[in-house]
Amino acid sequence: MSHLLEVKDLEVKFALRFGDLTAINGVSLTLDKGERLGIVGESGAGKSVTGFAIINLLSKPGYISAGRVLLEGQELNRLPEEDMRKIRGNRISMIFQDPMMTLNPVLTIKTQMIETILAHANVSKTEATDIALDKLKKVHIPSSEKRIHQYPHECSGGMRQRIVVAIALLTNPALIIADEPTTALDVTIQAEIMDLLQELCASEKMGLILITHDLGVVSQVTERIAVMYAGKIAEIGPTQVVIHDPQHPYTQGLIKALPGSLQPGSRLNQIPGMMPTLTDIPPGCAFHPRCTISDTICRMEVPALISRHDHDHMIACHVVK
Amino acid sequence: MENDNSLLAVNNLVKHFDISGGLLEQLRWKNGRIVRRKTTVKALNDISFSIMPREILGVVGESGCGKSTLARAVLGLYPPDSGEINYQSSRIDNLTPHQMLPFRKKMQMIFQDPYASLNPRMTVKRTLEEPFLFHNKSATPTEVKDKVEEVMQQVGVEPSWITRYPHEFSGGQRQRISIARALMVDPEFIVADEPVSALDVSIQAQILNLLMEAQEKRGLTYLFITHDLSVVEHFSTRVAVMYLGKICELAATSELFESPRHPYTQALLSAIPELGRQKPTHIKLKGEVPTPIELPAGCVFHGRCLYTDERCIREVPQLISLNSGVEVACHAVEENRI
Ligand SMILES: Nc1ncnc2c1ncn2[C@@H]1O[C@H](COP(=O)(O)OP(=O)(O)OP(=O)(O)O)[C@@H](O)[C@H]1O
Ligand SMILES: Nc1ncnc2c1ncn2[C@@H]1O[C@H](COP(=O)(O)OP(=O)(O)OP(=O)(O)O)[C@@H](O)[C@H]1O
Ligand code: SF4
Ligand SMILES: [Mg+2]
Ligand SMILES: [Mg+2]
Chain A
217 MSHLLEVKDL
227 EVKFALRFGD
237 LTAINGVSLT
247 LDKGERLGIV
257 GESGAGKSVT
267 GFAIINLLSK
277 PGYISAGRVL
287 LEGQELNRLP
297 EEDMRKIRGN
307 RISMIFQDPM
317 MTLNPVLTIK
327 TQMIETILAH
337 ANVSKTEATD
347 IALDKLKKVH
357 IPSSEKRIHQ
367 YPHECSGGMR
377 QRIVVAIALL
387 TNPALIIADE
397 PTTALDVTIQ
407 AEIMDLLQEL
417 CASEKMGLIL
427 ITHDLGVVSQ
437 VTERIAVMYA
447 GKIAEIGPTQ
457 VVIHDPQHPY
467 TQGLIKALPG
477 SLQPGSRLNQ
487 IPGMMPTLTD
497 IPPGCAFHPR
507 CTISDTICRM
517 EVPALISRHD
527 HDHMIACHVV
537 K
Chain B
40 MENDNSLLAV
50 NNLVKHFDIS
60 GGLLEQLRWK
70 NGRIVRRKTT
80 VKALNDISFS
90 IMPREILGVV
100 GESGCGKSTL
110 ARAVLGLYPP
120 DSGEINYQSS
130 RIDNLTPHQM
140 LPFRKKMQMI
150 FQDPYASLNP
160 RMTVKRTLEE
170 PFLFHNKSAT
180 PTEVKDKVEE
190 VMQQVGVEPS
200 WITRYPHEFS
210 GGQRQRISIA
220 RALMVDPEFI
230 VADEPVSALD
240 VSIQAQILNL
250 LMEAQEKRGL
260 TYLFITHDLS
270 VVEHFSTRVA
280 VMYLGKICEL
290 AATSELFESP
300 RHPYTQALLS
310 AIPELGRQKP
320 THIKLKGEVP
330 TPIELPAGCV
340 FHGRCLYTDE
350 RCIREVPQLI
360 SLNSGVEVAC
370 HAVEENRI
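Heads up: the protein sequence lines correspond to chains A and B, in order.
Just so you know, we're using our numbering here: the first sequence kicks off at 217 and counts up by one.
Just so you know, we're using our numbering here: the second sequence kicks off at 40 and counts up by one.
By construction, these hints were calculated from the structure, which means they are not laboratory data.
A portion of the hints provided could be inaccurate.
Unchecked claim - For lysine-lysine, the following BS3-like pairs were computed, each having C-alpha atoms within a straight-line distance of at most 27 angstroms:
hint: 1; chain 1: B; residue 1: K325; chain 2: A; residue 2: K326
hint: 2; chain 1: A; residue 1: K276; chain 2: A; residue 2: K224
hint: 3; chain 1: A; residue 1: K341; chain 2: A; residue 2: K353
hint: 4; chain 1: B; residue 1: K176; chain 2: B; residue 2: K186
hint: 5; chain 1: A; residue 1: K354; chain 2: A; residue 2: K341
hint: 6; chain 1: B; residue 1: K69; chain 2: A; residue 2: K362
hint: 7; chain 1: A; residue 1: K224; chain 2: A; residue 2: K537
hint: 8; chain 1: B; residue 1: K256; chain 2: A; residue 2: K472
hint: 9; chain 1: B; residue 1: K325; chain 2: A; residue 2: K353
hint: 10; chain 1: A; residue 1: K421; chain 2: B; residue 2: K256
hint: 11; chain 1: A; residue 1: K353; chain 2: B; residue 2: K323
hint: 12; chain 1: B; residue 1: K186; chain 2: B; residue 2: K164
hint: 13; chain 1: B; residue 1: K186; chain 2: B; residue 2: K144
hint: 14; chain 1: B; residue 1: K325; chain 2: A; residue 2: K362
hint: 15; chain 1: A; residue 1: K362; chain 2: B; residue 2: K323
hint: 16; chain 1: A; residue 1: K354; chain 2: B; residue 2: K144
hint: 17; chain 1: A; residue 1: K326; chain 2: A; residue 2: K353
hint: 18; chain 1: B; residue 1: K144; chain 2: B; residue 2: K176
In this text the structure is predicted, and so the values were computed from the model without any measurement.
With these hints in hand, go ahead and build the complete structure from the sequences.
Listed below in structure tokens is the structure:
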């Protein structure tokens, strides 16, 4: 059976004056219908760039230098921009951390929603309004008939983000990519938005890629998780397996660094050093300078992402296999 | 609330911001007349608490509830509208800048965004020397050099960083430098406003360890602001939970996390995503978050609360002490309805 989304050996570069910098260095992953995948990793690991590359929306100096992105078997990164635009916002929607990246401050919610629908479907204005109201109800906007006439600034942060989710749903997309959708929100509201996304994946058979640096959120919401480090996937597998039995030294360090299960007031387990910037990615395994179990081979050869045992748990490490 | 041994005591602190803008923007047409309308953000409303020496008081609450305003008011950066702030039994909220000087040395602040708080045109060396020289006018060059070296070593600032500028460092390194700067004057009390919120987990642990070490070695007292409940649980000895400019619950950390009493604290704790444990349900609040511009009457939480009754809509609940030592501002708790 073919996957909803298949990313194969994706490579993204930024063309800068002094040369090309590789931001994504061979990322492969798959997502099935209705499946929820989390991408975690520290700032600069390449989570957002991966998301943008999938919807073919990399900003200026960035470009896909190798690899393929297939949605429902169709190769997206070779499509002319006009065809891609039809897929974007139709088959794939993206939700950003800042709702104002999606919302236009000078238009009412109704106008924005109807414009989106009319751009992608052949329906009347009245039908479009009905669709819009239906989606606002799906995301639990109270008194949506009234709300729909308001401007974004008249809504609270949590409500704005729910409206953005409603807009993302307008065209019944097969895949939603949510990039830190709740980072700016209170945890009580974050929990609501996460419930909502989970609910929609189940009822609409929608695929979800949830990008976040919050391991807690990912472990609540997703079925699989990919841990990125310096533009590569370090570990990918079923969420509960990766969280409870992490194999890659970086994932282990990340989970051990959380205050979670430690005696309050005791020292936290820190990973020494920091993630390299794109200009000074070390040779071999990019994690080796911070790794406590690294070997000589780690400094020379890039470890491949290899399956463990029989299940779809993969890690890229020379020492742990 | 009054506690003579406390390092810091805040009583009935109120801070409102006038955001009406110019006169023209304030004028409104109403019922055939022009009226002048003021818009105020009610950032802090009747806040009282105290901190004992060597204690770490965590302050949590959602964005905009007044945490940073509280931090700044405590340090005298925002004059309060009313209320009192006492530091070691001296009142400090009504001092002139000159009278405030000795307290400035004892109280230091660490900000969320270490980039904005470090002067981009100062090398690390000058960033560290400046506050020390300001408070120790007669220090000899050797004394300055020794002090800088001592603090740098303690905080893990590498000697090679000394001639470099803030933009050459990562967020975690900058936060190290701002902690070093705060420690240069040997403070007693540190207000840390989201010191690790901008940092990655792996760097967060480094900085939190550093703050814990400094606290132990120097006997520091912290007012520690964060929105990360797992950090607060690990780091603080007591926790104040804020909602719309008010403290709704104040308790010892373990007490608060084991048996939260206020309906907002209960909802907040139930919503923390926990690593690897699928929580069956979280408490679903109703309604929308009100703004501090149009503060609800009665209990500020009543519009979202699941236990609201007629009294909650009418009367502001006061912070009362329960037998367990927990302080809660909720009618339902007081009436034993929850
Ligand atoms: N327009 C650009 N020009 C040059 N480099 C870029 C550009 N956009 C991103 N990068 C680089 O690509 C790398 C990956 O960035 P990305 O935004 O994907 O990180 P991220 O994992 O989403 O981090 P965060 O958690 O901070 O959002 C970073 O090193 C970043 O500096
Ligand atoms: N200088 C100011 N002028 C006007 N309004 C202000 C000022 N500082 C803060 N406010 C307002 O006061 C309220 C409380 O803000 P504050 O920054 O204290 O919140 P916070 O709890 O620190 O939020 P966050 O978690 O987002 O940092 C907000 O509504 C804010 O817009
Ligand atoms: S006072 Fe009333 S409205 Fe406020 S939290 Fe308690 S029960 Fe809820
Ligand atoms: Mg990002
Ligand atoms: Mg703040």
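Structure-based check of all given hints:
Between the alpha carbons of K325/B and K326/A the distance comes to roughly 24 angstroms, so the proposed pair stays at or under 27 angstroms and holds. Between K276/A and K224/A the alpha-carbon distance is near 22 angstroms, which keeps this suggested pair within the 27 angstroms criterion. The straight-line distance between the Cα atoms of K341/A and K353/A is roughly 18 angstroms, inside the 27 angstroms bound, and the hint therefore holds. For the hint linking K176/B to K186/B, the alpha-carbon distance of about 14 angstroms falls within 27 angstroms, and the restraint holds.
As the CA atoms of K354/A and K341/A are separated by approximately 20 angstroms, the hinted pair is consistent with the 27 angstroms bound. Using a Cα cut-off of 27 angstroms, the hinted pair K69/B and K362/A holds, with the two alpha carbons roughly 24 angstroms apart. About 22 angstroms separates the Cα atoms of K224/A and K537/A, which keeps this hinted pair within 27 angstroms; it holds. As the CA atoms of K256/B and K472/A are separated by approximately 25 angstroms, the hinted pair is consistent with the 27 angstroms bound.
The straight-line distance between the Cα atoms of K325/B and K353/A is roughly 15 angstroms, inside the 27 angstroms bound, and the hint therefore holds. Pair hint K421/A plus K256/B does not hold up; C-alpha atoms about 56 angstroms apart against a cutoff of 27 angstroms. With a CA separation close to 17 angstroms, the supplied pair K353/A and K323/B stays within the 27 angstroms bound. For the hint pairing K186/B with K164/B, the CA-to-CA distance comes to about 11 angstroms; that is within 27 angstroms, so the pair holds.
Between K186/B and K144/B the alpha-carbon distance is near 15 angstroms, which keeps this suggested pair within the 27 angstroms criterion. Our distance criterion of 27 angstroms between C-alpha atoms is met by K325/B and K362/A, whose separation comes to about 18 angstroms. Restraint check for K362/A and K323/B: the C-alpha separation of about 23 angstroms stays at or below 27 angstroms, so the hint holds. Between K354/A and K144/B the alpha-carbon distance is near 55 angstroms, which puts this suggested pair outside the 27 angstroms criterion.
Pair hint K326/A plus K353/A holds up; C-alpha atoms about 13 angstroms apart against a cutoff of 27 angstroms. With a C-alpha separation of about 13 angstroms, the suggested pair K144/B and K176/B falls inside the 27 angstroms cut-off, and the hint holds.
The structure shown violates the earlier hints numbered 10 and 16.
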